[in-house]
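K.L.:
Sequence order for the protein chains is A and F.
Residue numbers for the first sequence follow this note's numbering, beginning at 1 and rising by one.
Residue numbers for the second sequence follow this note's numbering, beginning at 367 and rising by one.
Hints listed in this document are in silico derivations from the structure and should not be mistaken for laboratory results.
Hints should not be assumed to be uniformly reliable.
[What the hints assert, rightly or not] Listed below are several chain A residues computed to face chain F (Cβ distance under 8 Å; list not exhaustive):
(1) Asn2
(2) Arg6
(3) Ser10
(4) Ala24
(5) Leu36
(6) Ser37
(7) His43
(8) Ala49
(9) Gln75
(10) Gln80
(11) Ser83
(12) Asn240
(13) Thr241
(14) Phe245
(15) Val281
(16) Met282
[To be verified] Computed footprint of chain A on chain F; a stretch qualifies when at least three of its residues, placed anywhere within it, have a C-beta under 8 Å from a C-beta of chain A:
(17) 379–393
(18) 400–411
(19) 489–502
All C-beta atoms in this analysis are idealised placements derived from N, C-alpha and C, irrespective of residue type, glycine included.
One letter stands for each residue in the lines below.
There are 2 protein chains.
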Amino acid sequence: MNKLNRLNFSGGPGALPESVLLQAREALLEVPEVGLSVLGISHRSDWFAAVISELEANVRKLLGVSQDYHVLLLQGGATQQFSMLPMTLLRGETHPADYLHTGYWSGKAIPEARREGPIRVLWSGEADGFRRLPGDDELPFSPDAPYMHYVSNETVEGVQFHRQLGRDDVPRICDMSSDFLSRPCAAEQFAMIYAHAQKNIGPAGVTVVLMRDGLLRDAPTGLPGFLDYRRHIETHSNYNTPPVFAIYVVLLVTRWLMNEIGGLVPMDAINRKKAGLLYRVMDASEGFYRGRAETKDRSLMNVVFNLPSPEIEKRFLAEALAAGFSGLAGHRAIGGVRASIYNALTLSAVEEFAGFMENFQRGQKG
Amino acid sequence: MNKLNRLNFSGGPGALPESVLLQAREALLEVPEVGLSVLGISHRSDWFAAVISELEANVRKLLGVSQDYHVLLLQGGATQQFSMLPMTLLRGETHPADYLHTGYWSGKAIPEARREGPIRVLWSGEADGFRRLPGDDELPFSPDAPYMHYVSNETVEGVQFHRQLGRDDVPRICDMSSDFLSRPCAAEQFAMIYAHAQKNIGPAGVTVVLMRDGLLRDAPTGLPGFLDYRRHIETHSNYNTPPVFAIYVVLLVTRWLMNEIGGLVPMDAINRKKAGLLYRVMDASEGFYRGRAETKDRSLMNVVFNLPSPEIEKRFLAEALAAGFSGLAGHRAIGGVRASIYNALTLSAVEEFAGFMENFQRGQKG
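Let the sequences and hints guide you as you build the complete structure.
P.N.:
Here is the structure:
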């Protein structure tokens with residue numbers, strides 16, 4: 001793998017494992033089992049049916065959920081789920097759904113839900129600049145809510161929940177776009193989990209939805225076919241032409257997770273080590289690197305920090321880029337620096353970057 | 367290119383040009399201008415902004431339209447457009463939109479439109495098994511329709527309009543999913559054209575929409591963001607993370623069309639030659655190959671035919687596959703044989719297949 005790919009700290013689309021890229025590259029000309037380019041294989045072929053079937057099974061196995069969970073591969077990103085979910089579970093409801101506003105992305109979900117039905121924003125971190133997440137004592141979840149929605153990891157601000165939230169008698173629904181399959185997640189406690197692929201599990205253009213069977217029991221009919229989860233369930237994600245290539249790459253990533261990494265427990269251990277390295281440099285920097293998030297809510301995926309001044313931040317980003325570390329500029333909404341260390345970014349790449357951070361700080365003092 | 371890719375007659379996702387596959391393959395590890403895998407480049411990068419900008423310009427140039435036309439790259443396929451279009455232009459209308467029912471795919475668009483507002487099916491070929499298309503004298507277009515919608519090429523039945531339809535004072539809207547950029551199309555006469563990529567212009571997962579500026583003037587607000595054309599126009603198709611890889615491949619295909627083929631006029635000439643070869647074999651076969659479509663309405667993209675019996679059809683498909691020709695089974699809705707000869711399928715591949723058809727027929731007689 002070239003150095004730039006190895007040191008790609010992009011917030012997303014993010015880096016993918018080298019072995020996955022190599023297999024995807026080969027498939028561009030010839031999928032081994034078929035002999036055709038992956039871009040020219042029919043979505044109605046036996047091969048693609050087997051891809052979907054293996055991918056569904058792999059996701060269930062990695063998360064430890066049973067056949068009671070449907071695994072869907074949809075288009076439109078988390079953004080489409082922001083609408084599709086309330087179109088399905090909120091229209092016509094009298095009790096509001098509970099939504100948490102913990103950062104940029106959960107803030108995008110809220111107005112889309114509001115178009116479709118009543119919601120209550122249970123907690124918002126907006127006044128604090130989304131630097132911390134709420135404790136359980138700040139979250140009076142309603143027993144009457146049709147569902148409760150939150151975002152497990154906020155990529156922009158770098159805050160992440162390290163527990164699951166909510167009540168067992170209200171459907172728990174989580175946008176895990178930026179930490180799905182990065183750690184075990186007690187998936188059986190969720191009614192629905194969704195995640196676009198372009199952080200940990202594949203290229204942009206496909207979204208995984210995990211849904212407990214029965215969640216749609218009272219859902220309205222009459223939605224356009226492509227917005228109706230039922231159609232996608234019935235057809236095993238082949239209602240209309242799915243993004244074959246993106247789905248194939250997600251399959252390759254699940255194989256990598258299972259066969260090369262050994263599942264979500266070892267993946268989590270690696271991710272903790274990676275994040276730990278960077279947070280240790282930050283904590284040892286005597287305020288030179290100022291982490292954005294409160295310590296207890298720090299993200300294992302997105303390490304977001306500021307330097308003493310915008311000028312020094314600019315120099316940091318320029319020198320990092322010159323050294324091969326790319327994708328480090330903070331999200332356009334807040335600036336600063338963001339090191340995204342998704343699954344595919346290796347421990348050694350993070351070690352190199354930690355070393356760079358230390359050297360850069362030393363250079364500023366000299 | 368291997369033989370299977372060269373002889374891929376799939377109805378879609380279809381074959382792509384060899385030079386495009388080779389460049390896409392290289393980009394999987396390293397986009398030349400960037401050094402990163404195309405799967406790991408941010409959709410907010412300068413590189414991707416340049417991809418979108420060049421692609422918009424290429425589509426306009428190939429079709430000969432001005433900046434008055436927006437070029438959008440969306441997800442969800444033609445299926446999403448079946449709904450997005452009437453959500454935008456039909457909700458709240460009292461006059462019905464005119465829809466033509468000329469085959470399997472236009473038949474999918476109709477119920478989705480009906481959910482959103484009043485439509486009138488101006489003509490249906492259903493009783494005739496969609497073997498022919500209507501003449502102008504059978505099409506009393508309404509001057510009061512909010513728009514008129516038709517499908518230029520029906521991939522399942524193999525019928526194609528060889529003129530544009532409708533009135534100049536009613537927005538003319540066409541699903542060109544299976545013949546977009548296969549021939550010149552007087553695009554300035556259309557208010558909107560849409561086409562998913564996976565026939566002539568790229569991989570599954572992206573849809574091109576060409577829209578005349580001003581068409582949305584009276585469109586309702588309040589749609590979910592991802593279903594609102596305005597959001598996609600304002601952001602140059604970067605409202606939420608777009609399918610970067612699929613869009614990049616479409617760019618490569620437009621470059622191929624412009625630089626290797628020389629534009630839509632020569633592309634059309636090649637496509638006519640290809641279709642002509644197969645229809646000539648059919649016409650000379652004394653009824654052995656029975657074309658499905660009336661001669662005047664034959665598709666240049668999908669050559670659909672039957673053989674004397676289902677058994678002979680089965681043998682034909684098996685022998686064709688053994689000889690390397692794949693993707694020839696007719697659509698599951700109607701069976702038979704379908705040779706899809708999209709842009710990327712070469713004249714020499716079609717010559718080989720024409721030879722195979724002649725030989726097969728001779729073999730049956732012997």
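K.L.:
A separate judgement is required for each hint: does it hold in the structure or not?
P.N.:
Cross-check of the supplied hints:
1. Asn2: Nearest chain F Cβ about 6 Å off; hint holds.
2. Arg6: 10 Å, violated
3. Ser10: It holds, given that the least Cβ distance between serine 10 of chain A and chain F is near 5 Å, below 8 Å.
4. Ala24: Holds, about 5 Å.
5. Leu36: Constraint on leucine 36 of chain A satisfied, holds at 5 Å.
6. Ser37: 5 Å, holds
7. His43: 7 Å, holds
8. Ala49: It is violated, given that the least Cβ distance between alanine 49 of chain A and chain F is near 13 Å, above 8 Å.
9. Gln75: Holds, because the Cβ-Cβ distance from glutamine 75 of chain A to chain F comes to roughly 4 Å (cut-off 8 Å).
10. Gln80: It holds, given that the least Cβ distance between glutamine 80 of chain A and chain F is near 5 Å, below 8 Å.
11. Ser83: 4 Å, holds
12. Asn240: Constraint on asparagine 240 of chain A satisfied, holds at 4 Å.
13. Thr241: 5 Å, holds
14. Phe245: 5 Å, holds
15. Val281: Hint on valine 281 of chain A: violated, closest Cβ of chain F at ~24 Å, above 8 Å.
16. Met282: Methionine 282 of chain A check fails; min Cβ-Cβ to chain F is 23 Å, beyond 8 Å.
17. 379–393: Three-residue rule met by the segment 379–393 of chain F, so holds; n is 8.
18. 400–411: holds (count 10)
19. 489–502: violated (count 0)
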